[in-house]
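Sequences and hints are given; from them, build the entire structure.
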Amino acid sequence: MMRFSQLFGRTLREDPADAEMISHRLLLRAGLIRPLASGIYSYLPLGWRALQKIESIVREEMDAIGGQEMLMPVVHPAEIWRATGRYDSPAPGPALVRFQDRTGHDMVLAMTHEETAAYLAREVIHSYRQLPALIYQVQTKFR
1 MMRFSQLFGR TLREDPADAE MISHRLLLRA GLIRPLASGI YSYLPLGWRA
51 LQKIESIVRE EMDAIGGQEM LMPVVHPAEI WRATGRYDSP APGPALVRFQ
101 DRTGHDMVLA MTHEETAAYL AREVIHSYRQ LPALIYQVQT KFR
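With the numbering used here as the guide, the letters of the sequence shown map in order to residues 1 to 143.
Treat the hints with care, as some may be off.
Derived DEER-like restraints, expressed as beta-carbon distance ranges [to be verified]:
no. : residue 1 : residue 2 : range
1   : Lys53     : Leu12     : 21 to 31 Å
2   : Asp18     : Phe142    : 19 to 29 Å
3   : Ser127    : Ile57     : 29 to 39 Å
4   : Gly85     : Gln52     : 32 to 42 Å
5   : Ala91     : Met1      : 42 to 52 Å
6   : Val74     : Phe8      : 23 to 33 Å
7   : Val58     : Glu114    : 16 to 26 Å
8   : Phe8      : Glu55     : 13 to 23 Å
9   : Gln52     : Met21     : 22 to 32 Å
10  : Ala95     : Leu51     : 16 to 26 Å
11  : Met1      : Glu69     : 44 to 54 Å
Source of the hints: derived by calculation from the structure; they are not laboratory data. For glycine and all other residues, C-beta sits at the position ideal for the given N, C-alpha and C.
And the structure:
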């Protein structure tokens, strides 16, 4: 058991000047997060433990209703995004990071996984008897 005085990160006595929302102020003052840049935060040990507990509850509840957890990659081939029309669509905007791999293939640093989930469903589900299929993932997203 670690003493609170030895914990990495400290509570703050005053509200941070740049924190406008009460939830933001409370997370900072409680020593759960610290900003690295605008909109980019590091989870300190207490914040990380809280996040892990939330993930555990989500997993438990999803598993209880028949969900199957999986992990999808953040880097996707551009073909699956082109197939849905979202690769060239203005909707994702600059949030959809496009690049080429070392062999020259178009790739996407995806902020969401609907395309991958749909692609996998087409590849894996071959009969209505395999339905319903409830898959989920717990992963960090960027936007």
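Quick rundown of the hints versus the structure:
| no. | hint | in the structure |
| --- | --- | --- |
| 1 | Lys53 x Leu12: 21 to 31 Å | holds, 22 Å |
| 2 | Asp18 x Phe142: 19 to 29 Å | holds, 21 Å |
| 3 | Ser127 x Ile57: 29 to 39 Å | holds, 33 Å |
| 4 | Gly85 x Gln52: 32 to 42 Å | holds, 37 Å |
| 5 | Ala91 x Met1: 42 to 52 Å | holds, 50 Å |
| 6 | Val74 x Phe8: 23 to 33 Å | holds, 27 Å |
| 7 | Val58 x Glu114: 16 to 26 Å | holds, 19 Å |
| 8 | Phe8 x Glu55: 13 to 23 Å | holds, 20 Å |
| 9 | Gln52 x Met21: 22 to 32 Å | holds, 23 Å |
| 10 | Ala95 x Leu51: 16 to 26 Å | holds, 23 Å |
| 11 | Met1 x Glu69: 44 to 54 Å | violated, 30 Å |
The structure does not agree with numbered hint 11 stated previously, though it agrees with all others.
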